[in-house]
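Single-letter residue listing:
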Amino acid sequence: MTMVQAINNALDIKLAEDGNVVVYGEDVGVVGGVFRVTEGLQKKYGAERVFDSPLAESAIVGTGVGMALSGLRPVVEMQFDGFSYPAFNQVISNVSRMHNRSRGRFRIPMVIRFPYGGGINAIEHHSESPEALYSHIPGLKVIAPSTPHDAKGLLISAIESDDPVIFMEPKRIYRAIKQEVSTDKFTIPIGKAKVLTEGTDVTVVAFGAMIRECQRAMVMAKEAGISVELIDLRTIYPIDRETIRVSLQKTGRLVVVAEAQRSFSVGSELIAIANEEAFLHLEAPPRRVMGFDTIIPLAQGEKYFMITPERIFYEIEKTVKF
Amino acid sequence: MTMVQAINNALDIKLAEDGNVVVYGEDVGVVGGVFRVTEGLQKKYGAERVFDSPLAESAIVGTGVGMALSGLRPVVEMQFDGFSYPAFNQVISNVSRMHNRSRGRFRIPMVIRFPYGGGINAIEHHSESPEALYSHIPGLKVIAPSTPHDAKGLLISAIESDDPVIFMEPKRIYRAIKQEVSTDKFTIPIGKAKVLTEGTDVTVVAFGAMIRECQRAMVMAKEAGISVELIDLRTIYPIDRETIRVSLQKTGRLVVVAEAQRSFSVGSELIAIANEEAFLHLEAPPRRVMGFDTIIPLAQGEKYFMITPERIFYEIEKTVKF
Amino acid sequence: MIFEEFNPSEDKMLKIIDNDGRVVRPDLFPEISDDTIVEAYKAMLFERVADEMAVSFQRQGRMFTYPPNKGQEAIHIAAGNVIRENDWLVPAFREVGLMLAKGVTMKEIFLYYNGNEQGSNFKNAPRVLPINVPIGTQLPHAVGIGYSIKYRKKEDVVFTYIGDGGTSEGDFSEALNFAGVWQVPVIFTIQNNQYAISVPVSTQTNSVNLAVKSVAFGIPGIKVDGNDFFAMYLVYQKASEHARTGKGPVLIEALTYRCGAHTTSDDPSRYRTKEEEAEWELSDPLFRLKKFMEHKGIWKENEEKLREKYKKEVEQQFLDAENFTPYSLEDVFDYMYVEMPDDLKKQKEEYQQFLAWKGNRK
Amino acid sequence: MIFEEFNPSEDKMLKIIDNDGRVVRPDLFPEISDDTIVEAYKAMLFERVADEMAVSFQRQGRMFTYPPNKGQEAIHIAAGNVIRENDWLVPAFREVGLMLAKGVTMKEIFLYYNGNEQGSNFKNAPRVLPINVPIGTQLPHAVGIGYSIKYRKKEDVVFTYIGDGGTSEGDFSEALNFAGVWQVPVIFTIQNNQYAISVPVSTQTNSVNLAVKSVAFGIPGIKVDGNDFFAMYLVYQKASEHARTGKGPVLIEALTYRCGAHTTSDDPSRYRTKEEEAEWELSDPLFRLKKFMEHKGIWKENEEKLREKYKKEVEQQFLDAENFTPYSLEDVFDYMYVEMPDDLKKQKEEYQQFLAWKGNRK
Ligand SMILES: Cc1ncc(C[n+]2csc(CCOP(=O)(O)OP(=O)(O)O)c2C)c(N)n1
Ligand SMILES: Cc1ncc(C[n+]2csc(CCOP(=O)(O)OP(=O)(O)O)c2C)c(N)n1
Ligand SMILES: [Mg+2]
Ligand SMILES: [Mg+2]
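Chains as they are written, first to last, in this note's numbering: chain A, 49 to 370; chain B, 49 to 370; chain C, 2 to 363; chain D, 2 to 363.
Looking at chain A on its own, in the form it has when it is part of the complex:
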């Protein structure tokens, strides 16, 4: 399965299993989404459960709040990362707060999905990585899978979560990776990172589409005799401190790889965590291999902005040689 198919399969399973699940957003019904993630679902489950909404992200999310607190489990799509912002006020003021505000009387079991990230030569506003914005908001959980298998298991967990979840899908690898994925139902716990490769010299933490780039960089690192421990964060909030701590106690060195702008980012947070959890083990300054603090450029400029395996290797080497 590709990631698109795995996500579709997860939605399919939950739609079949739970009559409270509804799926909607711009173009998700008739055509099955601009990336065809929801393809075939309207036909299978009807236009009351899988449908096109008017073009208004704030109302898509805001109506989701109303549905969720009255017993449905809405899974809404923002068509792209950059178009999740019109709904920002609903997310920060209501999605994340209704449970707390009502002292638990209302739950918001809602998933907000969107494709994120660059590297597909897209037009403006179609290549953003806003995980830091959402992870800073208390009351949300934020997920970004790196494989079809993880996407499926994590999305099912997200739909079953009684807390609201921001589900970020790395569009760049929507179809780039194929993997055997069971068509049976399975879940992957939210809030748990995964050590993809064990290593001893340096800990590399990444998620989403950057995992593949890291794995490519690790080939170079291996040639250079560097043993890398690669951690896939999978959940960005809450971050799995334990896994990071254990790894850093072993390696003493940290490189964070993410596409987003580096200031006030997941990179900053991971460095803070590294200091809080493993200060005495740190042997080199943790490094952020991240986007510049610039707007992600249009297609011609992506060659500078996007993180390449070579650049990751360069930073790994710097960290190890420190």
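FYI, nobody ran anything at the bench for these hints, they're computed from the structure. Every value quoted in this text rests on a predicted model; they were computed, and no experiment measured them.
Okay, the calculated bits of chain D under chain C, using three or more residues with CB under 8 angstroms as the criterion:
#, region
1, 169-180
2, 205-211
3, 216-226
Simulated crosslink set (DSSO-like; lysine-lysine; CA at most 27 angstroms straight-line):
#, chain 1, residue 1, chain 2, residue 2
4, B, LYS240, D, LYS347
5, B, LYS351, C, LYS359
6, C, LYS154, A, LYS91
Not close to chain C: a few residues of chain A, all C-beta gaps over 10 angstroms, as computed:
#, residue
7, ARG84
8, ILE204
9, ILE225
10, LYS226
11, THR231
12, LYS270
13, PHE327
14, LYS366
15, PHE370
Cβ coordinates follow ideal geometry from the N, Cα and C atoms, glycine included.
Given chain A's structure and the hints, the job is docking chains B, C and D with the ligands onto it.
For chains B, C and D with the ligands alone, kept in the frame of chain A given last:
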């Protein structure tokens, strides 16, 4: 002058000096703002330059973009921190990008001001500290003054800046601090922190209303024989790395004090900067004395959430004793 | 049908009794028993007494900022008489009388304005949402609930509220537009009390009235004298019948006046005249309904006694709120998530360690 | 006045020529010279040729995603004939013909869709804003520019555009509302091309048409046959006269059809029928205007030759875009701020060090 008066004075000076400056937002005209920051300005400069807008933050900011790129210098008010979010899409998609998008053809010399922070027993959404959200957005500058004098000098700089500025006013000390402030025009450079007190044992970095709390904590620290270097960030993006580096090279210890939720925050960023700039000098894990990763509680719960001098001292001591 | 007769494009307004409590449109007078009328008046009086006392508690420094609703009671109590137990209420923040009708208590409302989230945990009003502060954001919630109702083929209706100022927010238009497309059972009421804090409606929009905004979304809209209990009662009967029978949403503009300040922090004398206030006092909803009852000879109670009784009730509710379980650290942390992340547990523990240190220090 | 005759509440539509190019409302036929008509047709033809070529460049893999505008040319060229040099254009993204009329070049447009921000740096069109991707956000900008114009007591007008889908966004309503209150000289055009990607207008709103949304904001609104060059020309004349003389904003709904795909990544056969497409082809704006000219005997050109000529021109513009200065690291950094922060300078330097390392490595 109080900070309210100092800000009013800054606006007055710029309105008098520059016919392109216009000031608007909800209730800023006739009554001069819910905190009276713009009091008297409509009378003095007329309703074409200082006026009430309809209740719609996105359009307030969005129209500001249009005004700014056609030659005006709008200073718009969001009535409270928590009501800046409806305008978030305009800020991230347009305010911060129009200059870059048009390759410098259009400038956005615009200031978005709002009162921020807790500690005034306010109702929901009136006590937020969203500096991390705005500081993560490339293309903006983010300022938060801690005294009437700084508020005036920084606001004049902000209005004169050809780049868009988010100007966060610590509402808790709007009237709590009085200070001699010259009524003449003066500016304070954006992007420069200020060492308020020199010290040798630990560097405390804060801004806005937290400066006063830090100063109170420093009385306790002094009694305990701890020499604190207090840095007022003043500008949150871009952060003045140089001042922080120099200080950490001396003290080797860092405590960040801020009201906002701690994850993915200005605290995270400062720890990352400390690691990048002064890794070999760090003698203790930098600490974040910040809000919990919870929604800021209503008035009765503020006693737990708000940072007290005692708590700052507690963390300073922990850091020094490490 | 009233929605056709009172076409908002022609700026017509539904009104059944005049300022002196005389019926001007007997043909439209709703079917309603004398008892119900008297009880409605009492509920309006209770709301007013509670409001006056809330302001005075705030003045005494026993409560934080509070937004008075004096003058808007007819809207709330009319809705309270029509809304059913299974119907939903999605309030803004000035609908106290209607919240009470749905089972919310003054104690809860006081608790909220006293700075405790438990004030939104309405024990006897499971279908009332918390007060909504970020203007306009509540309307999409109402539409989403409407979708749930339709999806489950129920006959419930959602009542939701917004102010005149709130109609300028994008969420207002988005929500009404979704409601129109989805044809959900939602009754939107704009309480047009003439001001958004200091800003008059004329600065808020250039439309002939607010009800006419319904045209943009293809839903019925009607402007009603919001200080006329019978007009509001009729319109809520018709609107809920409309919504309940699957005919979709309705937009009501209830013309009224915020007699008090915006909140206890506000000073209306800075932006409006005594004359204007005096003129609106003539159409006070309680005064008008009382006059009607007097003309009809159905008012037999002693109002002063009633007031005293209500005051005592409200006082007790306030004391209950004041004596509510003290706010604990758990109240800060424990409602953030259904499943609390470890990080948050750790933050709580660390804070408890600080508290212990602090305790030892003294 | 046409804004009164064609009341959108009654769903009337302004139309001057029929699908066969015959004048159906001679009384409304605008004052326009034969030369202007012929030139307008040529401009429409140029826009169409450029559009077809853009699609084919994209197919050849020489350009990234591109949104075709085939079928919407009458709107653009009519506006192009009315808009003045000092007027502003705040586009959405499908107004290529109008952008060209204002001085933008196809080279710039190609450069943009080729993934270079310099394509928004319109050298000869200082009053044209860049293409706007986040739907609806451009309208408040137009209103702000309108405010500047009014503030400076100028007679300029702002032309701004949005699609049918865009009318659902909160920013649409907020902007129109501000424009109504501020009475600024802004002409809003909704290009109702029947779809928002795959979503038909009927799923977008329940209002009788889109022009009627103007009622919610108290501004004149009119529905126009957007494939009728003369209707569009007339409405732009009247609307700009209205706006230019201080009478405030106007909302125009131009009824048209997006003949092509939403973008080159889209496949319309998944959501609409060949029959529907065929029916709309009958009202193709070029076809209708050509017919009109033929009836009147004013069309003397050889269309095939013209097409060839335009193709060459467009080809040259495309080559110029392809051969544009290569994208540099400076292009990523140097336009972020007027005053670049030190941090950013440092990030750039660090990246240059990486590039140097990379260079040495090979
Ligand atoms: C999004 C947002 N912006 C601003 C505010 C601050 N505010 C609170 S009430 C109010 C005025 C509301 O006016 P209206 O909608 O007419 O309701 P009323 O207060 O008259 O009942 C404002 C601006 C807010 N609560 N939310
Ligand atoms: C805020 C936002 N949401 C979603 C999108 C993705 N998107 C691009 S075009 C489009 C449809 C626009 O439809 P319409 O307004 O009718 O304009 P048209 O494309 O038909 O010209 C969508 C949903 C976007 N660009 N911006
Ligand atoms: Mg009001
Ligand atoms: Mg369209």
